[in-house]
Amino acid sequence: MTRDPVRVTLRVNGRPETGWAEPRTTLADFLRQELGLTGTHVGCEQGVCGACTVVLDGAAVRSCLVFAVQADGCAVETVEGLAGEGAPGREAVHPLQTAFREASAVQCGFCTPGFLMTALVALRERDDWDRAALRERLGGNLCRCTGYQTVVDAVLAAAPEVRALEGEGGRR
Amino acid sequence: MTAARYVGQRVRRSEDPALLAGRGRFVDDVTEPRQAEVAFVRSPIASGRILRIDTSAAAALPGVLAAFTAADLAPYCPGWRGLLNWPGMVAGEQTALATGVVRHVGEPVVLVVAGSRAEAEDAAELVVVDYEELPAVLDPVAALDPDSPLVHEDLGTNLCFTSPFGSGDVDDAFARADTVVEVAVQTGRHTAVALEMRGVLASYDRDEHTLTVRVSTQAPQMLQTLYARLLGLPENAVRVVTEHVGGAFGMKAFVYPDEVAVVTASLLVGRPLKWTQDRYESLQSDTQARDERVTAALAVDAGGRVLGLRSEVVSDAGAYSMYPRGCVTEGVQVATIMPGPYRVPAYASSLRVVFTNKTPLAVYRAVGHPPAILVMELLMDEAARALGLTADEIRRRNLLAPADLPYTSPTGNVYDSGSHLESLERALALLGDDVGDRRRDAERRGRLLGVGFSSFVELSAPGAMFYGAKGAPITAHDQVEVTVQPDGSVTVLLGTPGQGQGLHTTAAQVVADALGVRLDDVRVVSGDTRVVPHGSGVWASRSAVVSVGAAHAAATEVRRRLLVLAAHLFEADPDDVELVDGVVGVRGVPASRTGVAEVAAVAYWGTHRLPADVEVGLGAVGSYSGPPYTFNNGTHVAVVEVERATGLVRVVDYAVVEDCGVLVNPDIVDGQIRGGVAQGLGGALLEHVVLDPIGQPQTSTLLDYLLPTAVDVPDIRIEHIETPAPTTTLGTKGVGEAGTAGAPAAIHCAVNDALAREGARVWRQPIRPEDVLAALTAER
Chain A
1 MTRDPVRVTL RVNGRPETGW AEPRTTLADF LRQELGLTGT HVGCEQGVCG ACTVVLDGAA
61 VRSCLVFAVQ ADGCAVETVE GLAGEGAPGR EAVHPLQTAF REASAVQCGF CTPGFLMTAL
121 VALRERDDWD RAALRERLGG NLCRCTGYQT VVDAVLAAAP EVRALEGEGG RR
Chain B
1 MTAARYVGQR VRRSEDPALL AGRGRFVDDV TEPRQAEVAF VRSPIASGRI LRIDTSAAAA
61 LPGVLAAFTA ADLAPYCPGW RGLLNWPGMV AGEQTALATG VVRHVGEPVV LVVAGSRAEA
121 EDAAELVVVD YEELPAVLDP VAALDPDSPL VHEDLGTNLC FTSPFGSGDV DDAFARADTV
181 VEVAVQTGRH TAVALEMRGV LASYDRDEHT LTVRVSTQAP QMLQTLYARL LGLPENAVRV
241 VTEHVGGAFG MKAFVYPDEV AVVTASLLVG RPLKWTQDRY ESLQSDTQAR DERVTAALAV
301 DAGGRVLGLR SEVVSDAGAY SMYPRGCVTE GVQVATIMPG PYRVPAYASS LRVVFTNKTP
361 LAVYRAVGHP PAILVMELLM DEAARALGLT ADEIRRRNLL APADLPYTSP TGNVYDSGSH
421 LESLERALAL LGDDVGDRRR DAERRGRLLG VGFSSFVELS APGAMFYGAK GAPITAHDQV
481 EVTVQPDGSV TVLLGTPGQG QGLHTTAAQV VADALGVRLD DVRVVSGDTR VVPHGSGVWA
541 SRSAVVSVGA AHAAATEVRR RLLVLAAHLF EADPDDVELV DGVVGVRGVP ASRTGVAEVA
601 AVAYWGTHRL PADVEVGLGA VGSYSGPPYT FNNGTHVAVV EVERATGLVR VVDYAVVEDC
661 GVLVNPDIVD GQIRGGVAQG LGGALLEHVV LDPIGQPQTS TLLDYLLPTA VDVPDIRIEH
721 IETPAPTTTL GTKGVGEAGT AGAPAAIHCA VNDALAREGA RVWRQPIRPE DVLAALTAER
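Respectively, the protein sequence lines represent chains A and B. As numbered in my numbering, residues 1 to 172 make up the first sequence, in order. As numbered in my numbering, residues 1 to 780 make up the second sequence, in order.
Quick caveat, the hints were computed from the structure, so don't treat them as lab data. In this text, a Cβ means the ideal position worked out from N, Cα and C, and glycines have one as well. Misleading hints may appear alongside valid ones.
[To be verified] Far from chain A, some chain B residues (derived; all Cβ distances over 10 Å):
id, residue
1, 183
2, 486
3, 585
[What the hints assert, rightly or not] One side only, chain A facing chain B, incomplete, derived with CB under 7 Å:
id, residue
4, 107
5, 109
6, 136
7, 144
[Said to hold, decoys possible] Which chain A residues stay away from chain B? Per the calculated CB distances, all over 10 Å, these:
id, residue
8, 9
9, 16
10, 18
11, 66
12, 72
13, 160
All chains, full assembly: derive it from the sequences and hints.
What follows is the structure, given as structure tokens:
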């Protein structure tokens with residue numbers, strides 16, 4: 001098996017990006033190390049904790065279980081692209097980010113990007129989640145700080161606005 | 001001081017925007033120019049002698065810069081022992097890399113440096129280590145047998161520490177008892193699992209002879225001191241940087257051999273070295289906790305009043321006493337916290353802390369409280385059953401009432417204030433009166449419903465004697481520097497960093513109130529030992545007491561100086577000058593109003609307007625040590641359903657009544673409680689470090705080591721009682737560990753309440769479905 005780096009081209013948060021990756025390099029490491037997008041966190045590299053969740057061609061995936069070369073030609077959304085462009089002092093904020101802050105759904109913040117991306121896809125699918133079903137849906141993301149209650153609160157609170165936003169702008 | 005404007009408010013956290021944007025700066029997010037990366041070769045066996053290490057193939061691999069063994073690092077970094085001045089305590093030597101002997105699976109043996117982590121791991125696979133495998137010591141009771149193999153040959157024993165605790169005539173109490181109940185309880189070894197794994201980025205500057213270590217830790221200044229000592233550097237040449245910390249929970253409050261090895265290697269390699277732990281390493285090398293075996297007996301009179309308590313505690317310390325907190329704190333707290341919020345006239349406990357060939361046991365959130373509270377609450381319920389009392393009634397008859405306070409426990413802990421009895425009554429009200437209906441509804445669905453209570457006290461902010469008097473470089477005090485800048489904005493340098501709980505926000509609330517300025521004008525900085533004053537670190541539940549006290553002290557001094565300056569400008573008496581909502585003026589003279597910024601500008605750039613004897617500048621360092629200890633208290637009530645067919649336990653309702661004194665930020669406090677309960681639920685039902693009969697970990701991934709998910713943790717209802725601490729600056733008591741302290745007992749008592757209807761009980765945590773089924777089957 002060759003270890004020579006190969007060229008990987010993909011769209012990340014709406015922009016074309018190109019980098020080099022060994023075939024064994026995970027998408028998580030590629031995003032973090034090659035593209036410098038360190039908002040995607042690696043919490044287990046075993047596909048369990050969900051901290052590295054990104055959106056790959058519309059689906060929430062664990063970027064530690066995808067090789068960068070597999071994502072060649074794909075569209076990737078990461079936490080850095082969630083809010084879109086702002087201006088210095090007037091940073092853009094996504095409704096999910098606002099809701100997480102308002103609901104006190106962040107403590108150490110390490111798992112937070114993964115939850116945001118999981119929640120984003122969940123809310124694109126439907127905005128009428130009931131609490132129990134949403135807990136099941138978020139069950140693949142581990143948080144060690146909050147006890148989850150405020151995370152569930154935040155996602156439910158953000159649902160109408162996220163739905164409206166996605167309806168206007170569509171998917172990246 | 002002005003009225004509280006921010007303290008007590010649900011202020012949004014200043015920490016959140018960066019974390020939500022994915023712009024946090026955790027250790028692995030930072031890259032230095034010419035950085036190289038580290039991978040470790042770790043012991044694959046629990047006990048053995050190292051016969052031979054061959055790193056030649058690894059060193060020859062392209063991209064590899066170095067492969068170090070203990071012999072390579074020893075000249076630059078001596079070993080250390082995790083000894084505290086507990087009478088008779090012994091501890092074996094620990095070195096950065098294993099020296100001659102390995103004592104647990106996961107102990108670091110060889111450190112490999114390469115251009116990338118992948119290359120370093122490739123090289124690590126080529127390192128050859130020959131071991132003579134030795135029989136592993138895995139049972140702490142058998143380890144005390146004179147014929148047992150020894151974990152540390154030079155100590156001549158596996159007994160690390162033994163001590164009695166307690167006071168009063170216990171023999172007499174048991175002789176007079178109407179009823180005696182006994183339990184034998186075991187809690188499963190578990191571990192913190194901070195989502196951000198440990199990591200180090202160490203750079204040594206060969207020109208300046210300075211060392212900079214970016215590390216995910218709870219105690220940067222402690223590491224600064226200890227790195228300097230170990231490496232023979234002056235402390236002013238060592239800089240420790242800690243920005244965002246992705247959870248720690250006590251586990252990141254130690255000197256870890258692998259981290260010391262990376263730091264030492266950075267001196268030798270001359271390039272910045274990064275090591276980011278992976279989860280496989282985390283589950284083998286992070287400190288573990290809660291591995292306790294307790295037998296206990298409670299003597300009560302015919303009315304259910306406690307006469308006396310006995311306990312024997314065997315604490316499985318694992319292979320090393322981790323420096324500097326050591327391995328005995330958990331066992332000591334199991335023994336000394338056990339009497340809890342109850343009137344216990346006589347208590348005798350004996351503790352034995354024992355070395356085994358397991359990952360070191362050390363402090364983890366609520367240190368010792370969960371087993372201590374669990375044992376006491378199980379005893380209460382057994383006594384209630386024996387006497388035909390309800391679970392709440394026996395507690396009501398024994399909980400401390402206001403007239404009992406201050407109360408000195410039989411282990412010498414002083415509870416200066418609290419709401420021990422009231423918290424039970426409030427918890428009962430939260431539970432509601434429909435338990436009978438809920439029980440019948442559960443029965444119809446094939447489930448046994450149980451209700452469990454847990455009334456507790458939590459030692460939240462230990463004082464200077466706790467570790468300091470035992471010889472550890474762990475003080476009780478913190479320092480905070482507050483500076484009003486020339487434009488009136490405020491900079492707060494916190495001696496103690498946050499680890500995710502929102503300490504920047506809490507400190508800003510306190511400073512804004514004490515100074516009388518807007519919260520938005522306050523910026524908080526922490527975690528760089530070259531910038532911030534001294535701090536003892538984030539541990540226990542101390543920050544709301546100690547960091548808050550220091551922040552308040554600094555802000556109060558700055559405010560005093562600001563008013564002196566203003567008095568000169570107004571040509572008034574300082575006592576007549578007031579500062580309200582950022583406006584300075586002479587009391588009763590409406591025309592004298594000016595802003596903090598105008599006064600501050602004079603303090604820096606307009607000093608020609610001031611007499612020579614006025615102190616210029618507007619900064620001060622505040623220090624605070626706090627009382628010898630503070631205790632919070634509370635009562636948890638858990639409702640569980642036990643599925644008869646599978647033995648599965650689900651927590652279906654949970655309520656907390658907590659009294660942590662004055663609340664600075666109720667949202668942050670509630671977050672601590674909910675997250676704490678979740679960790680306690682994990683310990684009660686899910687989390688378990690499992691070893692096979694030769695000490696091989698069976699829980700090496702998060703698929704095997706089970707953490708609570710959003711499906712497992714119910715919504716938690718919280719009520720607060722605010723009994724101010726009489727001994728702390730703002731009346732705060734600290735709360736960070738209270739949820740974890742109380743939850744395992746409440747859930748376990750609820751399971752036993754359900755099972756007791758079938759005559760069954762369980763006595764071990766985690767409570768696995770198979771244990772529940774076995775208990776139910778045995779009674780059939």
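Here is what the structure says about each hint:
1. 183: holds (28 Å)
2. 486: Holds, because the least Cβ-Cβ distance between residue 486 of chain B and chain A comes to about 21 Å, which exceeds 10 Å.
3. 585: Correct as stated: the minimum Cβ-Cβ distance to chain A is 31 Å, above 10 Å.
4. 107: holds (5 Å)
5. 109: Holds, because the Cβ-Cβ distance from residue 109 of chain A to chain B comes to roughly 3 Å (cut-off 7 Å).
6. 136: Result: holds, 6 Å to nearest chain B Cβ.
7. 144: Hint on residue 144 of chain A: holds, closest Cβ of chain B at ~5 Å, below 7 Å.
8. 9: Check passes; 22 Å lies beyond 10 Å.
9. 16: At about 20 Å from chain B, residue 16 of chain A clears the 10 Å cut-off, so the statement holds.
10. 18: Its Cβ never comes within 10 Å of chain B, the nearest being 20 Å, so this holds.
11. 66: Label holds. Min Cβ-Cβ 16 Å, cutoff 10 Å.
12. 72: holds (19 Å)
13. 160: holds (19 Å)
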